[in-house]
Amino acid sequence: GAVVSQHPSWVICKSGTSVKIECRSLDFQATTMFWYRQFPKQSLMLMATSNEGSKATYEQGVEKDKFLINHASLTLSTLTVTSAHPEDSSFYICSAPMGSNQPQHFGDGTRLSIL
Amino acid sequence: SQELEQSPQSLIVQEGKNLTINCTSSKTLYGLYWYKQKYGEGLIFLMMLQKGGEEKSHEKITAKLDEKKQQSSLHITASQPSHAGIYLCGADSSYNTDKLIFGTGTRLQVFP
Numbered sequence: 588g589a590v591v592s593q594h595p596s597w598v599i600c601k602s603g604t605s606v607k608i609e610c611r612s613l614d615f616q617a618t619t620m621f622w623y624r625q626f627p628k629q630s631l632m633l634m635a636t637s638n639e640g641s642k643a644t645y646e647q648g649v650e651k652d653k654f655l656i657n658h659a660s661l662t663l664s665t666l667t668v669t670s671a672h673p674e675d676s677s678f679y680i681c682s683a684p685m686g687s688n689q690p691q692h693f694g695d696g697t698r699l700s701i702l
Numbered sequence: 036s037q038e039l040e041q042s043p044q045s046l047i048v049q050e051g052k053n054l055t056i057n058c059t060s061s062k063t064l065y066g067l068y069w070y071k072q073k074y075g076e077g078l079i080f081l082m083m084l085q086k087g088g089e090e091k092s093h094e095k096i097t098a099k100l101d102e103k104k105q106q107s108s109l110h111i112t113a114s115q116p117s118h119a120g121i122y123l124c125g126a127d128s129s130y131n132t133d134k135l136i137f138g139t140g141t142r143l144q145v146f147p
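Each protein sequence line maps, in turn, to chains A and B. Converting from the first sequence to my numbering requires adding 587 to each position, the first position being numbered 1. Converting from the second sequence to my numbering requires adding 35 to each position, the first position being numbered 1.
Since the hints were derived computationally from the structure, they do not count as laboratory data. Since this is a predicted model, take the numbers as computed values, not measurements. Glycine residues also receive a C-beta, built at the ideal position from the N, C-alpha and C atoms. Any given hint might turn out to be false.
Calculated lysine-lysine pairs in the DSBU-like style (CA-CA distance at most 35 Å, straight line) [said to hold, decoys possible]: (1) 95(B) x 628(A); (2) 653(A) x 62(B); (3) 86(B) x 628(A); (4) 628(A) x 52(B); (5) 73(B) x 601(A); (6) 134(B) x 607(A); (7) 71(B) x 601(A); (8) 73(B) x 607(A); (9) 642(A) x 134(B); (10) 651(A) x 73(B); (11) 601(A) x 642(A); (12) 651(A) x 134(B); (13) 628(A) x 73(B).
Output of the computed footprint for chain B on chain A, the stretches with three or more beta carbons under 8 Å from beta carbons of chain B [claimed, not checked]: (14) 624 to 631; (15) 673 to 687; (16) 691 to 701.
Bound conformation, chain B alone (with noise of 0.2 Å):
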């Protein structure tokens, strides 16, 4: 079965640095979605990629997917205390379905 790996677990930031998530599957990704959760929360879509060497961007925040789409990076520039929260990757389980795996999730605190 498909599995998704995070990394790091964690990241303790200061305000105003730039970091970047990653996101590795063991087989080839249909889809690759990147959500942002806050604890106790529900999941917040933040992007979807879906083609090999794709980028998208929104506000200060950039995902990638890697040509032999199995790698995704999710990179924030000049971090904020509201972009803490726990980001996870989630991937189509197989081709034409809507059913999702999901990362292990990256745990981001941004201290001032």
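The following block holds chain A by itself, in its conformation from the complex (with noise of 0.2 Å):
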């Protein structure tokens, strides 16, 4: 079964919405997970590495207030596309390592849709 649950898998809001997206561990605790965006027929890019209880990691050119990154728990971590516009459209997805030297397991994703 699933390891890591993402929720929702599907939003589509207006231009100017703020959208929250959240990545839970199952069973187990992550102190670090990561956040991916995908593009129509291409690979993942990571985002972001969220950190629990401290500041998220973005990666170059991701802008930080864009996309709010929030790890409050061992087993939670949400990122909020703020404001989002139309080009934020986009597959984000989660992954969480169930341990040292383990394999990342993902989430199933979150389509969003900003019309």
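Work from the hints to combine the two standalone chains into their complex.
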């Protein structure tokens, strides 16, 4: 069964709306989680590393104020797309490692469509 | 920065045929992971390779990492429609990190 749960799976909203996406590790604790973005027919691009109890680490070119990340507990990280615009429409996916030297496990992704 | 190139970009094969997907790194790989993704869905972990020359198999899928740890291949034997999807190789971006970078992806279609 799934070890990482992501919610919601699909969001359609108006331009200017803020959207929150949740990523939960099931039955294990994740001090670190990762957020990716995927455009159609392209590979995954790492956006940021979510760190439990501290600030997220963003990749070059990713706007911190646009994509707010909060990792308030050992099983939950949230990504908030603030004041979303059509260009933010994409597939967002999170991952978490189950432990040291273990593979990443991924959520099912969230398809975000901004009208 | 490290880059992962996959080939081919897309593959269409008849059911029952064998196929190979390659993943080449510009730098030495610390850990190499193979994932499968169906369109609009999450990634399913297939295999992890860490040692030069390592080879792992699961059902009809075999993954290898070369001795120099810069190239990996994924081989599917007697392909089935259920094998269709996007195959992605991922690698640790540096030593002792969980941060992954991904290859360009290979889209596989299997027709009856």
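Here's how the hints hold up against the structure:
Between residue 95(B) and residue 628(A), the direct Cα distance comes to roughly 26 Å. Compliance with the 35 Å bound is thereby established for this hinted pair. A hinted pair counts as satisfied when its Cα atoms are at most 35 Å apart, and residue 653(A) with residue 62(B) qualifies at roughly 32 Å. With a CA separation close to 31 Å, the supplied pair residue 86(B) and residue 628(A) stays within the 35 Å bound. Taking the CA atoms of residue 628(A) and residue 52(B), the gap is near 25 Å; set against the 35 Å cutoff, the hint holds.
Taking the CA atoms of residue 73(B) and residue 601(A), the gap is about 27 Å. The hint holds against a cut of 35 Å. For the hint pairing residue 134(B) with residue 607(A), the CA-to-CA distance comes to about 23 Å; that is within 35 Å, so the pair holds. Restraint check for residue 71(B) and residue 601(A): the C-alpha separation of about 32 Å stays at or below 35 Å, so the hint holds. Of the pairs offered as hints, the one joining residue 73(B) and residue 607(A) holds, with about 24 Å between alpha carbons and a cut-off of 35 Å not exceeded.
With a C-alpha separation of about 16 Å, the suggested pairing of residue 642(A) with residue 134(B) holds against the 35 Å cut-off. As the CA atoms of residue 651(A) and residue 73(B) are separated by approximately 30 Å, the hinted pair is consistent with the 35 Å bound. Straight-line distance between C-alpha atoms of residue 601(A) and residue 642(A) comes to about 29 Å, which keeps the hinted pair within the 35 Å bound. With a C-alpha separation of about 18 Å, the suggested pair residue 651(A) and residue 134(B) falls inside the 35 Å cut-off, and the hint holds.
Taking the CA atoms of residue 628(A) and residue 73(B), the gap is about 11 Å. The hint holds against a cut of 35 Å. Counting residues of the stretch 624 to 631 of chain A whose CB lies closer than 8 Å to any CB of chain B gives 4, so the stated coverage by that chain holds, three being the minimum. Counting residues of the stretch 673 to 687 of chain A whose beta carbon lies closer than 8 Å to any beta carbon of chain B gives 4, which meets the minimum of three for the stated coverage. Given a C-beta distance limit of less than 8 Å, the hint that chain B covers the stretch 691 to 701 of chain A holds, as 7 residues qualify and 3 suffice.
In summary, this structure violates none of the numbered hints.
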